[in-house]
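S.K.: Construct all of the structure, not just a fragment, from the sequences and the given hints.
There are 2 protein chains.
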Amino acid sequence: MSSKENRQLHLNLFVTPVGHHEAAWRHPDTDVDQLLDFSFFQRLAAKAEAAKLDSIFLADRVATSPSAVQYGAIGGYEPLTLLSALAVVTKRIGLIATVSTSFNEPFNLARRFASLDHLSGGRAGWNIITSGTDAEARNFNLEQIPEHAERYERAREFLDIAVKLWDSWERDALIRDKESGIYADHHKVHELNHKGKYFSVKGPLNVSRSPQGRPVLVQAGSSQDGRQFAAEHAEAIFTAQQSFDEARAFYGDIKRRAAKAGRSPGHITILPGICPIIGRTEEEAREKEAKLVELSNPAYSLIMLSNRVGFDLTGYPLDGPMPQLPVKEVRGHQSRTNLIVELAQRENLTLRQLLNRLAGGRGHRTVTGTPTQIADMLEHWFAEGAADGFNIMPQLMAGGLEDFLELVVPELQRRGLFRTEYTGTTLRDHYGLPYPENQFAVKPASQAHY
Amino acid sequence: MSSKENRQLHLNLFVTPVGHHEAAWRHPDTDVDQLLDFSFFQRLAAKAEAAKLDSIFLADRVATSPSAVQYGAIGGYEPLTLLSALAVVTKRIGLIATVSTSFNEPFNLARRFASLDHLSGGRAGWNIITSGTDAEARNFNLEQIPEHAERYERAREFLDIAVKLWDSWERDALIRDKESGIYADHHKVHELNHKGKYFSVKGPLNVSRSPQGRPVLVQAGSSQDGRQFAAEHAEAIFTAQQSFDEARAFYGDIKRRAAKAGRSPGHITILPGICPIIGRTEEEAREKEAKLVELSNPAYSLIMLSNRVGFDLTGYPLDGPMPQLPVKEVRGHQSRTNLIVELAQRENLTLRQLLNRLAGGRGHRTVTGTPTQIADMLEHWFAEGAADGFNIMPQLMAGGLEDFLELVVPELQRRGLFRTEYTGTTLRDHYGLPYPENQFAVKPASQAHY
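Listed in order, the protein sequences are those of chains U and Y. Last residue of the first sequence: 449 in numbering that gives the first Met the number 0, with the numbers rising by one and none dropped. Last residue of the second sequence: 449 in numbering that gives the first Met the number 0, with the numbers rising by one and none dropped.
Treat the hints as calculated values from the structure; they're not laboratory data.
Which copy? The list can't say, so a pair holds if one copy fits it or any two copies do.
Result set (DSS-like, lysine-lysine): computed pairs, CA atoms no more than 27 Å apart in a straight line:
#, residue 1, residue 2
1, K287, K46
2, K46, K90
3, K51, K90
4, K177, K287
5, K290, K177
Since this is a predicted model, take the numbers as computed values, not measurements.
M.R.: Structure, rendered in structure tokens:
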């Protein structure tokens with residue numbers, strides 16, 4: 000197996016404080032102080048940067064509950080706060096934060112990402128989510144989460160405004176002539192005067208144009224609405240895919256939709272999640288896996304799964320089948336719920352078996368093996384049209400992250416599949432994305448203009 | 000003159016990228032790249048910390064306009080982004096960010112400040128503002144800024160929720176017992192179930208209790224509504240006071256209101272703004288002042304003043320009197336507008352003279368002199384019941400900040416008025432504030448409990 004042309008894969012590290020496995024905080028190697036220890040995140044980012052990863056990424060959820068924190072390592076940093084701090088102790092790696100369009104105002108969000116992009120010298124990315132749970136809605140003046148289609152309608156208007164705000168300062172608007180006292184060319188700083196269904200925003204933004212023009216736009220929804228939104232707007236996609244066939248089908252679908260929307264399919268980097276457990280031998284890897292299963296708490300896993308699918312599974316026998324979910328429209332995490340139900344049916348899993356499968360990555364693909372086996376799998380998906388790279392989700396941060404960076408990344412580099420040096424300075428450079436055009440700029444016919 | 004007891008004054012540095020004078024960016028010593036140069040802010044914070052200042056502070060306004068950026072150095076960092084980054088390159092100095100209650104959600108705000116408080120080891124402060132301009136309202140779905148009383152009503156509910164969110168995790172809620180798998184005591188993590196006029200928030204917060212319990216609460220409104228709000232809730236107050244008599248009256252009023260509200264007046268630190276221009280001789284100081292006046296642009300100053308008082312002053316003759324403002328309720332910056340009108344009337348200033356007086360600090364007290372003269376003034380206000388300390392607003396950052404830190408601070412230290420070493424680690428420690436009680440904690444009768 001080898002990749003066609005000189006195509007290089009992209010690797011994003013999906014950061015959690017202790018690891019993606021639900022029981023990671025109970026592992027002997029985990030220091031539970033990691034959750035709020037900035038120096039831990041600083042070391043982690045430095046390692047990922049030394050391995051030349053494209054980016055690090057933080058997910059987000061704007062709710063928790065007393066029952067969830069009873070068992071889960073919850074209660075750490077808000078993503079943009081942490082990435083703002085990491086921006087000034089790293090130099091090259093991209094910094095992607097998740098922020099919901101359902102519970103924020105476009106002006107605030109555009110401003111914070113523009114600030115992060117300035118602070119990091121052009122390394123900011125925004126993972127656009129619409130949020131999917133009633134628990135989150137109840138922290139923001141609602142009784143339940145709005146319908147799927149309505150959330151995406153709001154997200155489209157939100158993104159449209161955010162992009163206009165980022166474009167509201169042209170790249171060459173700053174003059175800063177002390178002699179004349181002219182700070183900016185006011186013809187190149189634009190009001191939006193947006194009035195829409197959800198928002199009215201006058202503009203301009205109060206942050207000047209940032210190094211990347213705007214953050215890299217990332218998307219993670221895999222429902223029909225989510226796919227279409229991603230095909231039209233996303234520059235990178237995080238996705239949960241259980242099998243090669245599903246991943247390839249998803250990959251093809253997105254690239255076709257993108258082409259249909261008039262975009263270059265090469266400008267959407269598709270990154271399925273991979274939750275590895277790595278051993279120098281298969282046996283060592285299996286032992287590591289068994290240790291995490293042993294530390295798992297089905298009571299907690301059931302709460303997590305119940306929250307995820309929006310149906311209370313507590314009380315169902317663990318060694319019986321996954322119960323039939325009531326037929327209703329899934330308002331929340333539609334595609335992930337479908338993935339979980341299909342996984343249980345396809346492999347005929349008991350509830351306990353399903354919980355163990357989900358414990359390592361909440362529906363993302365788990366893989367246990369040697370560095371060569373894991374590199375083989377990544378290369379297969381990459382070379383055969385199922386991925387442009389991967390969203391790396393170590394089940395255990397302590398040790399598991401290093402295993403990937405020190406054992407798998409060098410193997411991918413030896414195969415010529417992954418960079419050994421950064422070739423650019425911005426996240427757009429790393430992902431091979433163009434600098435965005437500015438919708439407000441007047442382009443002289445003879446001149447390339449930003 | 001000497002202070003009674005061993006009372007020490009408090010010094011906050013009000014940070015702007017170039018200086019508080021409107022023309023600071025045009026000064027030859029100013030590097031206009033400062034606006035977005037993190038290393039500049041890092042050096043500035045390091046200097047303020049080396050001088051043992053209590054805190055640094057960033058103001059905020061969520062709008063600008065093409066006409067404002069034509070002349071003004073505008074377009075820098077969102078405050079919490081910048082302070083999050085500064086948190087990890089400083090050790091002791093407090094970090095106070097302004098965030099408006101009118102254009103945010105309590106859950107998002109509480110979470111970000113809890114994150115900053117964790118990140119900084121207990122050095123976060125929140126300057127609570129309600130925002131006062133239509134230009135800001137128009138970036139957040141409104142046609143005009145809500146009435147003064149309505150903004151404060153929303154602010155009260157907002158603050159009530161934010162405090163409940165910060166209290167939603169008790170100080171000893173975290174158990175983190177790997178053996179049993181219990182991460183937190185779910186009886187010590189509380190839902191709020193708040194349902195009010197403006198907000199419904201279920202809680203709990205998804206960040207565990209931060210080192211200070213909650214950020215230090217700062218307030219800057221000086222209207223009747225603002226004073227009452229401050230007396231009931233603020234732990235530090237930034238205020239614009241033109242004269243000693245006004246400052247003393249304000250100081251007395253706030254302390255009386257606080258006592259009446261059942262609070263200890265010692266737990267509100269009142270910090271009038273001071274915009275110094277410092278020379279080793281009076282002549283040198285006057286020359287520095289003249290240089291800034293020379294660089295001022297009345298056209299820009301008029302736009303700024305018009306925005307501030309909510310009335311278009313452009314076109315009025317600069318050498319005539321300040322025109323009568325139409326009699327109407329001031330919706331926006333009520334107390335500052337009154338201060339400006341009274342200043343013009345009391346001193347019988349032409350519009351040009353008024354603009355020059357305001358250019359150095361937008362209505363805050365400007366003072367030009369030698370280190371001894373400035374220290375005398377600060378000591379007088381401090382010793383005679385007009386201030387607990389000062390909000391230092393250098394008219395020029397390049398040089399002006401150093402003048403204050405290197406010439407005035409040592410003079411205050413020689414007089415025994417200002418610390419020569421930090422005695423605590425948190426912003427609450429610096430301001431002499433108690434650790435806040437938790438409204439959800441059950442207090443055993445015999446035991447002090449947080």
